[in-house]
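**Student:** Residue numbers (the UniProt record's numbering), protein chains in the order written: chain A, 1 to 367; chain B, 1 to 367; chain C, 1 to 367; chain D, 1 to 367.
Simulated from the structure, these hints should not be mistaken for lab results.
Some clues are possibly wrong.
One copy or any two copies: either way a pair holds, since identical chains are not told apart in the list.
Okay, derived cross-link-like pairs now, DSS-like style, lysine-lysine, Cα gap no bigger than 27 Å in a straight line [said to hold, decoys possible]: (1) K277 x K330; (2) K49 x K282; (3) K8 x K57; (4) K113 x K149; (5) K267 x K330; (6) K228 x K113; (7) K113 x K330; (8) K277 x K49; (9) K363 x K282; (10) K277 x K57.
There are 4 protein chains.
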Amino acid sequence: MTSQGKLKVGVLGATGTVGQRFILQLSNHPEFELVALGASASSAGNPYKDAVAGRWKQVQPIPGNVQDMPVKACEPEHFKECAVVFSGLDSTPAGPIEAAFRAANLRVFSNAKNYRRDPLCPLVVPLVNPDHFAIIPHQKAQMQPQLDKGFIITNANCSTTGVVVPFKALEEAFGPLETILVTTMQAISGSGYPGVSSLDILDNVVPYISGEEEKIEWETAKILGGLKDNNTAFDLHENSPLAVSAHCNRVPVIDGHLASVSVRFAKRPAPSPEQVKEAFAKYTCEAQKLGCPSAPQIAITVNEEADRPQPRLDRDWQNGAGVNVGRIRKCSVLDIKFTSLVNNVMLGAATSSVLNAEIALRKGYLS
Amino acid sequence: MTSQGKLKVGVLGATGTVGQRFILQLSNHPEFELVALGASASSAGNPYKDAVAGRWKQVQPIPGNVQDMPVKACEPEHFKECAVVFSGLDSTPAGPIEAAFRAANLRVFSNAKNYRRDPLCPLVVPLVNPDHFAIIPHQKAQMQPQLDKGFIITNANCSTTGVVVPFKALEEAFGPLETILVTTMQAISGSGYPGVSSLDILDNVVPYISGEEEKIEWETAKILGGLKDNNTAFDLHENSPLAVSAHCNRVPVIDGHLASVSVRFAKRPAPSPEQVKEAFAKYTCEAQKLGCPSAPQIAITVNEEADRPQPRLDRDWQNGAGVNVGRIRKCSVLDIKFTSLVNNVMLGAATSSVLNAEIALRKGYLS
Amino acid sequence: MTSQGKLKVGVLGATGTVGQRFILQLSNHPEFELVALGASASSAGNPYKDAVAGRWKQVQPIPGNVQDMPVKACEPEHFKECAVVFSGLDSTPAGPIEAAFRAANLRVFSNAKNYRRDPLCPLVVPLVNPDHFAIIPHQKAQMQPQLDKGFIITNANCSTTGVVVPFKALEEAFGPLETILVTTMQAISGSGYPGVSSLDILDNVVPYISGEEEKIEWETAKILGGLKDNNTAFDLHENSPLAVSAHCNRVPVIDGHLASVSVRFAKRPAPSPEQVKEAFAKYTCEAQKLGCPSAPQIAITVNEEADRPQPRLDRDWQNGAGVNVGRIRKCSVLDIKFTSLVNNVMLGAATSSVLNAEIALRKGYLS
Amino acid sequence: MTSQGKLKVGVLGATGTVGQRFILQLSNHPEFELVALGASASSAGNPYKDAVAGRWKQVQPIPGNVQDMPVKACEPEHFKECAVVFSGLDSTPAGPIEAAFRAANLRVFSNAKNYRRDPLCPLVVPLVNPDHFAIIPHQKAQMQPQLDKGFIITNANCSTTGVVVPFKALEEAFGPLETILVTTMQAISGSGYPGVSSLDILDNVVPYISGEEEKIEWETAKILGGLKDNNTAFDLHENSPLAVSAHCNRVPVIDGHLASVSVRFAKRPAPSPEQVKEAFAKYTCEAQKLGCPSAPQIAITVNEEADRPQPRLDRDWQNGAGVNVGRIRKCSVLDIKFTSLVNNVMLGAATSSVLNAEIALRKGYLS
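The task is simple: from the sequences and hints, build the whole structure.
**Tutor:** Structure (structure tokens):
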């Protein structure tokens with residue numbers, strides 16, 4: 001803990017796109033103090049501003065207190081003093097590095113995909129299922145040797161995050177969903193930097209994002225499901241079969257994943273569009289109740305205008321920490337259809353990890 | 001008929017976006033000769049190049065033989081010599097003008113929406129249902145007074161056109177579809193000129209296009225359905241209930257409407273993705289069999305690459321006269337899902353009308 | 001004055017693009033309180049949120065305290081209590097309305113072009129020439145009848161603003177400029193809403209903006225020049241001939257006008273790039289010295305990276321209140337060349353008017 | 001020579017962006033027959049369609065006769081039968097490979113930058129200075145051992161090409177230019193694939209392209225200059241000093257480099273805009289006179305509309321083989337200003353090399 005009573009935290013993959021967002025969120029955080037930055041071996045030893053030169057692609061400049069922080073290799077010894085380590089690593093290095101950090105008894109909040117399907121790791125969208133943290137004691141106990149602090153908590157894929165928040169609100173209000181059909185229109189920032197070539201996306205839509213549809217289809221069930229067996233396993237929504245089908249498209253939008261969604265409820269008759277709208281509007285999540293500083297005031301903002309939400313106009317609402325929905329209406333094939341928007345670089349990435357850590361702090365998982 | 005044995009044709013709404021496309025398609029057509037151009041009263045009397053000044057937004061220049069053609073008011077007397085009149089009129093003037101032309105015993109092939117739902121007017125996608133022309137004798141007979149030549153044939157909404165061609169191929173191969181869920185990502189040119197403000201669409205997606213979802217949902221049933229009552233009425237697919245649900249989005253793409261589509265067949269078990277792919281590839285339409293000059297060589301091009309079709313790369317294939325599909329795979333909610341692309345300004349608009357006229361010529365409706 | 005000691009202010013053209021920016025800047029201003037909104041007669045009588053429905057195109061929502069403010073017709077009687085009236089009117093209505101407001105003894109700070117060339121009206125870029133306010137007593141005295149309060153102060157065209165700030169810094173440091181060659185790449189928001197059609201600008205550059213080149217060429221001389229004849233006339237830089245040539249282009253950028261600039265100094269030898277860079281960096285303007293709340297901390301930010309400033313990354317720096325420059329180097333035709341960026345909707349429009357009023361307040365012109 | 005009497009030709013760098021354009025231009029050329037494709041060692045041995053899989057980014061599909069052509073390593077032995085070898089190589093491999101091909105007595109027409117400044121290699125824009133081919137005998141003679149066939153001819157940088165054609169027309173009509181100030185707005189395709197990241201260019205302009213300004217400034221003098229010393233050296237415009245200054249910007253445009261240009265003539269008084277317009281319109285180049293199949297009908301198309309040329313609307317005019325100009329008017333700093341457009345992937349790249357070879361064929365350099 002620092003002299004201001006803040007928890008010391010570190011960021012892995014600090015020079016990457018997600019790492020840059022972590023830095024912006026943590027450089028002036030009321031509860032966390034950023035004390036360690038990790039990047040590839042080639043960057044290690046340099047001041048952050050040099051390590052990231054030519055790759056800092058944020059509208060805000062590099063925070064003054066971070067510019068000269070030394071970048072370290074992603075090795076646990078450099079992060080010993082951190083109560084929390086946030087990982088913005090690419091999936092290739094993330095697997096072994098995150099495991100090594102946990103093995104060194106460090107707490108990892110990861111944005112990488114590697115441990116999302118791990119039967120011991122919670123996959124937590126902070127506005128949806130922080131109750132899944134309850135598997136953490138079991139995760140620690142299963143390690144060899146057992147750990148008293150170290151764990152890995154992952155957050156969801158950015159496009160999954162954008163739809164699972166309204167799905168949770170629907171299940172909470174009306175019981176289980178039965179089928180979900182999602183078509184996404186995803187921003188280029190979802191692919192990192194340099195990511196999508198401009199020649200591929202200007203005046204174009206690319207109807208394919210590798211692995212993305214599978215992520216939405218699989219992650220949704222884990223997130224919407226509960227824990228079982230005395231908090232030692234995930235039930236993957238098994239009590240009520242859930243079929244999810246996704247079409248993923250890349251569009252020439254900088255930030256903000258939009259989704260056209262149709263759902264069918266198990267409950268008959270299905271709720272009306274007005275009831276659904278009301279359920280969205282009144283949905284409140286634990287992060288809000290716990291007073292987390294990065295939580296949105298409104299978890300799901302219901303847009304009333306016929307043509308909203310729109311990525312450019314709505315992605316920065318509430319600093320991108322909530323979800324926007326609109327166009328709630330009857331679906332003649334399933335029950336209800338609507339449009340959903342998530343800021344993929346905020347709630348869809350760094351904000352989720354930071355919020356998860358804020359919730360974990362409040363629930364005692366960081367002590 | 002002209003000295004070269006071509007049929008004389010005219011274009012209504014000649015200065016608009018669709019009218020410009022008609023002109024490009026007709027200025028060097030092997031069977032039709034463009035002899036009359038109609039536009040608003042304020043343009044009438046001017047040479048075409050002056051009437052359209054500042055609004056010609058085509059990559060190709062105004063054809064030399066059209067530049068100095070005089071623009072006329074949209075009144076039947078100026079089009080008397082035309083065997084066919086193509087209408088690219090906006091819907092506001094289209095209703096009464098097209099009716100007046102028919103009443104003057106002229107044949108109208110219209111791209112406007114006004115008569116698409118008319119119980120006497122065929123709604124024909126040339127690659128799908130030119131058999132609906134068979135209602136024409138009944139349409140003429142119902143007029144007061146009865147007509148020996150005049151009729152109105154409409155083509156479909158641009159986004160409907162892009163999906164109904166693959167649907168037809170599926171129904172031909174596997175019997176009736178039961179449910180269809182379509183999410184479109186539509187080009188800005190679908191909205192005409194000036195149309196969509198750049199401030200609304202740059203770095204953005206607009207999840208709403210007025211009236212578009214209803215058009216897809218309604219038109220699909222009329223087009224895929226047949227005729228009944230001795231060719232005096234449309235059956236609207238009534239023998240096999242068909243539920244269609246559409247989400248329509250505007251994306252920053254110049255030309256080419258992309259759709260993410262999921263379908264369920266009445267037939268159980270449903271065909272496999274491989275069977276569907278084969279059905280698409282072998283689908284051949286009457287326009288091809290009749291040797292229409294504007295028909296595509298391949299009605300439905302099946303793209304094998306994982307990330308195709310794409311608007312920018314595939315919209316001009318075959319001069320935009322066919323449909324491209326790809327990503328044919330199982331849908332875990334309905335049966336099969338795939339991506340479909342139509343060039344909205346070509347097959348989705350002017351090419352459809354011209355092809356309809358070419359088919360009508362071959363089937364004897366223009367004599 | 002309000003109970004909080006703020007000056008009451010109004011906005012003309014409140015539903016337009018510039019008017020919306022005025023509202024965002026004034027809804028929470030430390031010195032001004034927004035009490036009156038004017039728009040076209042058709043909007044008058046409605047709450048602001050209804051009057052602007054479908055046209056509010058800002059990332060921020062309509063401020064809560066403005067949503068239900070009644071919109072009034074642009075007539076002086078409705079603005080009597082206002083110490084300052086900001087005009088975001090289009091040029092067509094701006095001429096007579098602004099004159100009528102002045103005649104009613106009201107103070108008008110206008111973003112419209114109508115009175116920029118008026119020999120009695122200061123054309124003030126707040127970071128450059130607030131000394132021109134000294135003509136105000138003469139302006140009032142020339143009115144029939146003489147006015148004790150009413151006047152019109154204009155700010156410059158958005159693209160002029162972006163280059164005249166660095167020009168002022170150069171003249172202050174090195175004496176008069178002799179020739180200026182400016183090529184602009186201007187954002188679509190400079191044209192208002194709906195403004196530029198997406199079909200005109202997507203995947204395109206339009207090498208023409210009506211009247212823009214003339215504005216840059218003429219306004220620069222008035223702004224960089226001084227007052228003469230005992231503060232009763234503008235000298236238009238007449239003591240040192242200044243040739244300005246502009247090429248104006250529209251590019252597919254939402255906000256932020258970029259300019260490639262080459263200049264030649266009267267002084268020989270010309271300053272070096274290093275000297276120019278230093279002159280930019282140390283330039284401080286009166287708005288800063290007076291402590292105006294809307295003034296930037298740094299008037300001219302010098303970007304050191306080879307590829308900056310860029311519109312998307314740098315336009316929101318300092319809330320768009322300053323100018324960014326970069327790529328300062330020798331020009332083999334003139335002396336020095338560099339790149340300049342201004343946020344056209346902020347310093348290039350509403351921020352200039354608000355800053356002018358803040359300066360005027362401090363210099364006693366509002367009492 | 002082939003059985004149809006065509007010259008056999010090869011392409012180096014066949015899988016790259018420029019190589020793909022060469023293939024499209026050569027797959028159905030009336031005088032050349034494409035018989036050999038060279039690419040990196042890793043591609044060698046594969047059919048072209050496999051070697052280029054995932055990287056073919058052209059609107060046209062891979063020509064049928066090229067799909068299964070085997071790709072070879074870029075070694076002279078595989079190209080022995082080629083009368084001409086076109087090089088679309090990146091600059092890194094281009095230097096040694098092109099030298100090796102020349103040393104093997106092969107004729108290389110290169111789009112790479114490596115030999116543009118070589119004192120023995122002509123830098124030829126086919127619409128401007130094919131008279132520079134006259135140095136070829138000297139180039140061959142200087143090789144060790146002397147060559148009877150092998151040489152290297154380069155074409156210019158894409159942005160240089162777009163301005164040097166109008167400059168040549170001006171010098172031909174009015175004598176030497178004295179100063180030139182060029183600001184370019186360049187398309188993303190100029191940077192190859194994947195090239196410019198979409199995150200860098202969407203809603204943005206990047207005011208820097210590495211090395212580009214120097215290329216324009218240096219190449220212009222070589223191209224506009226003549227030969228000296230009995231056709232053994234380039235005079236680099238030395239008889240009349242020419243100062244060129246360039247600002248280069250990258251804009252979100254797919255194809256087509258636009259330039260805002262100001263020029264000053266040595267001749268006083270300078271020609272009027274009308275005279276300049278006439279000089280552009282009547283300019284005819286040797287490629288046209290010789291009847292080259294890839295030559296444009298009009299070398300410089302003068303656009304009369306106030307807002308043309310525009311990249312999207314004008315880049316494909318004449319298959320991109322000519323240059324478009326517009327907005328010809330007085331410059332208050334230099335003499336005349338105008339806008340110029342070149343299709344950077346056509347005349348700015350592959351078309352130049354092909355045209356150079358067509359001219360060389362007609363002038364006897366290929367026998």
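**Student:** Confirm or reject each hint.
**Tutor:** Tested hints:
1. K277 x K330: Answer is within; shortest intra-copy Cα gap is 12 Å, inter-copy 31 Å.
2. K49 x K282: Cα proximity of K49 and K282: across copies only (24 Å, versus 43 Å in one copy).
3. K8 x K57: Cα proximity of K8 and K57: one copy only (26 Å, versus 41 Å across).
4. K113 x K149: within (22 Å within a copy, 59 Å between copies)
5. K267 x K330: Cα proximity of K267 and K330: in one copy and across copies (15 Å, 26 Å).
6. K228 x K113: within (23 Å within a copy, 56 Å between copies)
7. K113 x K330: Cα proximity of K113 and K330: across copies only (24 Å, versus 34 Å in one copy).
8. K277 x K49: between (46 Å within a copy, 22 Å between copies)
9. K363 x K282: Classified as within; 24 Å inside a copy, 51 Å across copies.
10. K277 x K57: between (37 Å within a copy, 24 Å between copies)
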